[in-house]
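Asker: What follows is the residue order along each chain.
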Amino acid sequence: MKMAVEPVAAGVVKVILDGRLDISGAGTIDLQFSAIAASHRGVLVDMSDVSFLASMGIRTLLLAAKAVQRRGGAFILLHPSPEVSRVLEVTGVSDLMPICRDNDAALAAVSAPA
Amino acid sequence: MLAWIEDLAARLDLTADTTYALQLCLEEAVTNIVTHAFDAGSAHDLDLAVWRDAVALHAELSDDGRPFDPVAHELAATAKDLASAQIGGLGIRLMRSFAQQIVYSRTGGRNRLTLSFARR
Numbered sequence: 001m002k003m004a005v006e007p008v009a010a011g012v013v014k015v016i017l018d019g020r021l022d023i024s025g026a027g028t029i030d031l032q033f034s035a036i037a038a039s040h041r042g043v044l045v046d047m048s049d050v051s052f053l054a055s056m057g058i059r060t061l062l063l064a065a066k067a068v069q070r071r072g073g074a075f076i077l078l079h080p081s082p083e084v085s086r087v088l089e090v091t092g093v094s095d096l097m098p099i100c101r102d103n104d105a106a107l108a109a110v111s112a113p114a
Numbered sequence: 115m116l117a118w119i120e121d122l123a124a125r126l127d128l129t130a131d132t133t134y135a136l137q138l139c140l141e142e143a144v145t146n147i148v149t150h151a152f153d154a155g156s157a158h159d160l161d162l163a164v165w166r167d168a169v170a171l172h173a174e175l176s177d178d179g180r181p182f183d184p185v186a187h188e189l190a191a192t193a194k195d196l197a198s199a200q201i202g203g204l205g206i207r208l209m210r211s212f213a214q215q216i217v218y219s220r221t222g223g224r225n226r227l228t229l230s231f232a233r234r
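For the protein sequence lines, the chains are R and S, in the order given.
Under my numbering, the first sequence has 56 at position 56, and the numbering climbs by one with no breaks.
Under my numbering, the second sequence has 158 at position 44, and the numbering climbs by one with no breaks.
Where hints are given, some of them may not hold.
Claimed, not checked - Now the stretches of chain S that chain R is said to cover, found in silico as 3 or more residues with beta-carbon under 8 Å: (1) 132-142; (2) 191-203; (3) 207-219.
Stated by the list, open to error - List of simulated lysine-lysine pairs, DSBU-like, C-alpha gap at most 35 Å: (4) S:194 - R:2; (5) S:194 - R:66; (6) R:2 - R:66; (7) R:2 - R:14; (8) R:66 - R:14; (9) S:194 - R:14.
Everything labelled a hint here was simulated from the structure, so no lab data went into it.
From a predicted model like this one, the values you see are computed outputs, not experimental measurements.
Beta carbons are placed, not taken as given, at the ideal position from N, Cα and C, and that holds for glycine.
Pulled out of the complex, with its shape left as it was, chain R reads as follows (with noise of 0.2 Å):
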C-alpha cells in the first residue's frame, strides 16, 4: 500500500492511496493517516488506485473521517472502484461520509469553510 500527500489548500491535503486497503495495507498507513487527519480541517481520499478494501481499512478511514469531522472538518472519498464502493455500502460507510466521483465537485467541498 502507497500513500501520496498533496496539498490542496490551507489546512486541506488531497491523499492518494494505492494498493490493498487490508489488514496488511491499513498497518502500513495507519500512522501517517491518523496524524494528517489529525492536523487538518480538509481530507479528501483518493481511491481510484485501492484495488481491495476489508475490514481493518475501513477502521483506518472511519477512525479518520470521526477525528476530522470532531473538529468539524470535512472528510471525503474519492472515485472508489465498484468492488470498493459495494464493500462501503454493505457496511453502512457510504452513509456516514460523503463519496464523491467527480474530482473538481469533491475539492470544492472538503475546501468550503466549516
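Put chain S on the given structure of chain R with help from the hints.
Answerer: Same frame as chain R, but now just chain S:
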C-alpha cells in the same frame, strides 16, 4: 495467503467477482479467528481448504481456538452518523454479504467454518 489465493483463482478459473469475495471473506474470517478464538502469545493452528463442485466454490477454515461462531453472532444496527459509528463488527457483515452461504460447526474441540460462493 494472498499469492496462494491468486494462484488458486487462476487454476480454478474464478471470475474477478468470485476472487474478490473469496479474498475478502478469508481475510475477515481469519482476522476474527485470530482476534476472538486465539489467546495472544499461545500457539494455535488454522487449516484452510478450498475446493469447487458443480455449483459453488467452497472454503473451509478449521482452528483449535475457543468456540467462536460468526453465524450466530448478533450484528449491531448500522450507525446513523459518523459520531456514533462503532469501529468493529464489520467483518461479519461483509462475510454475510459476499458469501452465499456460511456454515459453522464445533466438533472435536475445533471451530469449522465453511463459506460457499456461487460460481459465476
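Asker: Each hint: holds or not?
Answerer: Each hint, compared with the structure:
1. 132-142: holds (count 5)
2. 191-203: holds (count 9)
3. 207-219: Since 4 is at least three, the answer is holds.
4. S:194 - R:2: With Cα atoms ~31 Å apart, residue 194 of chain S and residue 2 of chain R stay inside 35 Å; holds.
5. S:194 - R:66: Within the cut-off at roughly 13 Å; holds.
6. R:2 - R:66: Judged against 35 Å, a Cα distance of about 22 Å means the pair holds.
7. R:2 - R:14: Holds, at roughly 14 Å.
8. R:66 - R:14: holds (17 Å)
9. S:194 - R:14: holds (26 Å)
No hint from the list above goes unmet by this structure.
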